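So the chains spell out like this:
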Amino acid sequence: MPEKGIINTSQCIWLLFIVIASIASMQIPSILILQAGRDAWLSVLGAWFLDVMLAIVYAYMGIRFPGENFVQYSITILGKYLGRMVGILFPLFFLLVCTIVIKGLGQVINTAFLPRTPIDVILISCFFVSALIGRKGIEVIARMTQILGPLYFLSIVTLCFLVIPSAHIIRLKPQFDEGVAPFIIGTPLILVFFGVCILMAMYIPLTNRPENGFLAKFSAVSMGAIVVGLITTFSVVCFGIEDAQTMYSPGLQLSRLIHYSNYLERVEMLFLLILVGSSIVASSSLLWAFGLGIAQLTGLKSYQPLIYPGALISLVLCIVSFPSSLQHSNFIHYTYPIVAIFVQTGLELVLFAAALILHKRGTV
Amino acid sequence: MKPLRTRKTKKTPEPEISQPSASDIEQKNMPLCSSVAENLITFQGIYSNCADFDYRELIIGQDQIPVLLLFIDGITDEQTINQNVLKSLMNIQCSKLDVSGSNSIEMIKNVFMEIGSIKEISTIGEVSEAILTGNVGLLLEGTTKALKIGTKGSEGRIVTEPVTEGVVRGPREGFTESLRTNTALLRRKIKTPSLKMEKFVLGSCTMTEVNIAYLEGTVNPKVVAEVKKRISRINVDSVLESSYIEELIEDNSFSLFPQIEHSERPDKIASGILQGQVAIFTDGTPFVLLVPTMVFQFLQSSEDYYDRFIYASSIRLVRFIFLNFALLLPGLYIAITTFHQELIPTPLLVSITAAREGVPFPTFVEVLIMEVTFEALREAGIRLPKSIGQAVSIVGGLVIGDAAVQASIVSSVTVIVVALTGISSFCLPSYSFGLGIRVLRFSMIFLGSTLGLFGILLGLLVMQAHLVSLRSFGVPYFAPIAPFNLKDAKDLVMRFPWWAMGERPRLFAKTNRRRQKFFMKPAPPDEKKP
Amino acid sequence: MRKRALMMLFLVPFLQTGCWDTREVDRLASVLAFGIDRIPGNEPILLTVQIATPDTAKGGNKDVKAGGKAFTVMSSKGKTFSDAIHNLGSRSMRKVFFSHSKLIVLGKDLAETGIGEIIDDLKRDREFRRIDWILTTDMTAKEILEHGFSMEQIPSKGLDQILQESKESGLILPVNCNDFFVRLNGDSHVSFTPLVQLVDIDKQMTSQLEEVAGRPLESEVKPKTLTVAKTVIYKNQQMIGELNENESKALMWLVDSPKGGFITYTFAPEASTNGEKGKISLDISDGKTIITPQISDNSISISIVCNAKASIIEAETVGIDILNPMIVAQLEAKAAETLKLQLEQIIDKAQKELKSDCVGFAEHLHTQYPVAWKRVKNNWEDIFPTIEYHVSCEVRILNTGMINNTLPTNEAGGIN
Amino acid sequence: MILLIALATLVIGLAEGIPLGKQGQRKELVAMSCLLGMAFLLAAGFRIGFPSPITLLEQLFEPIGKAIFK
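Protein chains in written order, with my numbering: chain A, 1 to 364; chain B, 1 to 530; chain C, 1 to 416; chain D, 1 to 70.
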């Protein structure tokens, strides 16, 4: 195993949480509102439930193949060649998510905070910092999330509390206005974003107690669902669904709504803090997962040399594939969910079934 | 990380450290001559051109045996030599000494010499080392053995109040330059044989004595082993201050954060040892090192433990806030006033605009000018004699602050920001930690002026990644926050009362964690019970 | 070495061009309020901005010229709103910066012809905030912005405070952009803003005084005053009418729960309790309205229940015994009736005169009967005026102020 | 942009590659160079009008996504 670090369960929780927090602070809530309308919060609950179900599979596989992450056990299950072909999809998927996360971050910063700075500069600095962090290994990322995670959770909750005066609960009603179809379509949409937590399969072999994998994912997804649910719900009750679904970052707009008499206002800084910190740390753990996955597939001794090249590929993808925010939004909205559900659910279930049928087990 | 280090271990012959003279190496292990006169010539050769080298020849006993006393003037205690050494030797006149050399040495050592510390030695090197450290070397005709008689002089400062770490409440003694005084001060606080002090001698020229002190049974043995390993690795010609050792044993030399704490307060060192840290005493300096260190220790002052815990906790909170000010305030000021004006409350924006009206420089340059001026003033004030120091502060405060604003070179808001930053940086109890913050503040200024808040956030993330990746002797530097440990966090921003801190920090003391009886919370006597 | 090389890489983009978004504060003109008017011609949008003038003499210099305006007003026109903003740049030495504006004033012409074209920019541009107050004027926005206050140096700050105060005292419901947009997006597409007027109150009052005194009074000529007391109703981004002071107060009951408020009415106690006719003023401290639509067969009816807690602040009626629970019950009933009348008046006006659902019945119907709403959604405009409604109010007096009963001053009602 | 990417490729390649080369970790060196080469080729391909893999993904899956989502 190229990675020597060991993390504990609480670090694992925050590692997973920060990934969800990063997507929650970008435009995912507004896409969700576009699809699910006022039932968006129900979709979040539904996705939470489904993701917890999925977590059982991942946790079980983690225990069945002790000390192996899914890149390794896909080789164990499917053999040297087919296994590698399946296994490489996971790291590539992480690189894709990393690209999306950083591009989204750059987009929000570019539109809301630094309008005249070229987005390339923002992207380069983001990738540089996340590769720098990712190269230091899982222990460092885990410790950072341990500091930032609770901070962000509290910040988002506080932010939502502060925005209550602008909220009118009547805007959340009526539920199921358009029947259950929006809810049913919205659930998988948000599930694929929670589903980035399949990173847990990379962490389980490194935790000091692999059997707590499910617990970790359960807590992380629950907190993530709270955060996403809060932002989604408050976007609806503050802006109404008509405005909320057109916003690029509803969370940012929420923070701009805060005003208490004349002193507590203009707190976008708090949101910027959440946005930048969570996205960069999340993408550094994604880069780390990419590097580690590739290193394991090719049997390298160390994964660190692959982090910076990975970041560079991701940067190039950002620049090449998403020349404007429109392509990015479109990709997240239409293409990403299909790709993600294939990797997150499809592949893992296939591996799970194959393991059961072929009676493959990890060696202790 | 690791692959890099291996690059440096090229197969090059290790260069010898330059010695005072080449002949010394040969002589070091040479046995003594049985003839006193010959030995004297040898030593006179070694100590040629050494004005402070002194010797005394005398003849003792009925057999008229020549004896040679070698010592270095000034570092020995003259009174001890006169009253104890010479007197005891003179007393031998009437007794009979065995002629055969080695026995007579034994006789002198065991029967006659009225002195506490005495040891038999046999080579020229040993004798030389003995006299260099302030002992008297006694050479006797007819034997190749010599005696090292402890007559170390105790020239030095008396124990005074430490200058760098003053307290309102708490002990007022500080360490001195003398190692033995320092260890004595510690021993007076921790009176248990478990307090171990191990001796090392470092520096081929300075021969500085270094002691490591720890509490056996409490300390993590791995840490002690690591400290010993790193100290014995040291091979330098001189150790003049503990910082020499600090730089040679710390984990990451290029870090801006000090990874080893130092103090000149015996109570601070004692409390560190009691919770399982290892202290490193160096002869010749009042500053004692304490390892392993976590970053939050630099924000704790020993007085926190002497004040009532609620006050101490609130003062620590203030310190934490002002640490952030010292690090971020100028950077944030630049970032917000030049990038994110929408974040400033409207009336404040109007006054900042008014204050900046007519100032020729951009805010970034303005802040930089003032910050650099402030650092210069600070540096100027430290080294100057006290009487001139006041003049510096007058010049700084009045001329530069007020006149610069009047002349519209800088805006008054910038002066306020820089002044507040200056005050904040004085809130840090640790000077060396403050130095790191000072350097980082400038990088925050640069980041803030290029990318605004986003840049500062990136800088903070990198800084945080660096902080959590550091380790000091195997202990995570950012503990107990990351990795988080609730029990250790009792002594972090909050200082819990003593009765609540029943356990030593887990990261220092692995085995013997219980510090005191649990449930010692004081309560008024229950009157109902008889 | 490796780290240093990467650092260099990181620095490359910075060395290229420097910093892009840097704007020194003294190069900024921060807009405190702006107004939009419609003018004829091919550049129909006239933007007027009120810019804070930094008070350079704020520091040491004491002999500031008194009466110097703390603000500057600039105007520019353009094809669209953003075009007008853009054109402002050619006139301003400093970059016009909208993030600090607290107030948007819409001119009458613009309001009447439709504001759709500016709404998009208000939502899209990062410098505008959704918590800015939005106002409409019955004059031009330029006049409002050029007019000063006697007590506040900067008029937009004064207006901001008027709006905040009037919400607490229940005079009018201030509306910020967010609420305005959300209501426009709502089911009825009806929204409203307060109306800001320039009224010569002083002159009116002086002339009335002159009537009383019967001689011309000597009084200095005072400038007109900015007043916010009425409400303007928008439907489909177009102004369709306005509500007067009383209706504006009543509107608060229907769309929000008033935190403050004031009811004054004439009260004559019933025969069983003694006392004479007089005026009573109540201060509403906590009002709550529950609107429940009811559907029976094909007709929709709305029931409106108001609950208010109040305290007596003036009881002019002589001789009544406030300590008597029966009297209090009568007071409460009468107050409720007054309130009910006010509410009925505004609903009538909305149904008959404005023919638009400014009272938000559509939202309530949609929320509680989503299925029925779908049926009526498309011809809601026709249905709304025919909807029956029932208002019931309850006022509870909890507090009588610092005293309870007033001592009678005339002999007839003396206390024995 | 392509210049910047080329420069980044070079710097990363030197900074990571030299230590690897010195330690004789050939496999790591090859893997890293492959990734760097990929990054550069992606950028260069875009320059001459080659679609990026994400665009390919988009062409493949977007119809499905558009069918499901609004």
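For the record, the hints were derived by calculation from the structure and aren't laboratory data. Take these hints with a grain of salt, some might be off.
To be verified - Straight-line C-alpha distance at most 27 angstroms; calculated DSSO-like pairs for lysine-lysine: (1) Lys203(C) with Lys277(C); (2) Lys235(C) with Lys224(C); (3) Lys173(A) with Lys167(C); (4) Lys374(C) with Lys173(A); (5) Lys173(A) with Lys355(C); (6) Lys374(C) with Lys70(D); (7) Lys70(D) with Lys173(A); (8) Lys4(A) with Lys517(B); (9) Lys173(A) with Lys277(C); (10) Lys148(B) with Lys4(A); (11) Lys79(C) with Lys173(A); (12) Lys22(D) with Lys301(A); (13) Lys145(B) with Lys4(A); (14) Lys70(D) with Lys377(C); (15) Lys235(C) with Lys334(C); (16) Lys27(D) with Lys4(A).
No experiment lies behind these values; they were computed from the predicted model shown.
Quick rundown of the hints versus the structure:
| no. | hint | verdict |
| --- | --- | --- |
| 1 | Lys203(C) with Lys277(C) | 33 angstroms, violated |
| 2 | Lys235(C) with Lys224(C) | 30 angstroms, violated |
| 3 | Lys173(A) with Lys167(C) | 26 angstroms, holds |
| 4 | Lys374(C) with Lys173(A) | 14 angstroms, holds |
| 5 | Lys173(A) with Lys355(C) | 25 angstroms, holds |
| 6 | Lys374(C) with Lys70(D) | 21 angstroms, holds |
| 7 | Lys70(D) with Lys173(A) | 21 angstroms, holds |
| 8 | Lys4(A) with Lys517(B) | 39 angstroms, violated |
| 9 | Lys173(A) with Lys277(C) | 47 angstroms, violated |
| 10 | Lys148(B) with Lys4(A) | 53 angstroms, violated |
| 11 | Lys79(C) with Lys173(A) | 39 angstroms, violated |
| 12 | Lys22(D) with Lys301(A) | 15 angstroms, holds |
| 13 | Lys145(B) with Lys4(A) | 56 angstroms, violated |
| 14 | Lys70(D) with Lys377(C) | 22 angstroms, holds |
| 15 | Lys235(C) with Lys334(C) | 35 angstroms, violated |
| 16 | Lys27(D) with Lys4(A) | 19 angstroms, holds |
When held up to the earlier numbered hints, the structure conflicts with 1, 2, 8, 9, 10, 11, 13 and 15 and fits the remainder.
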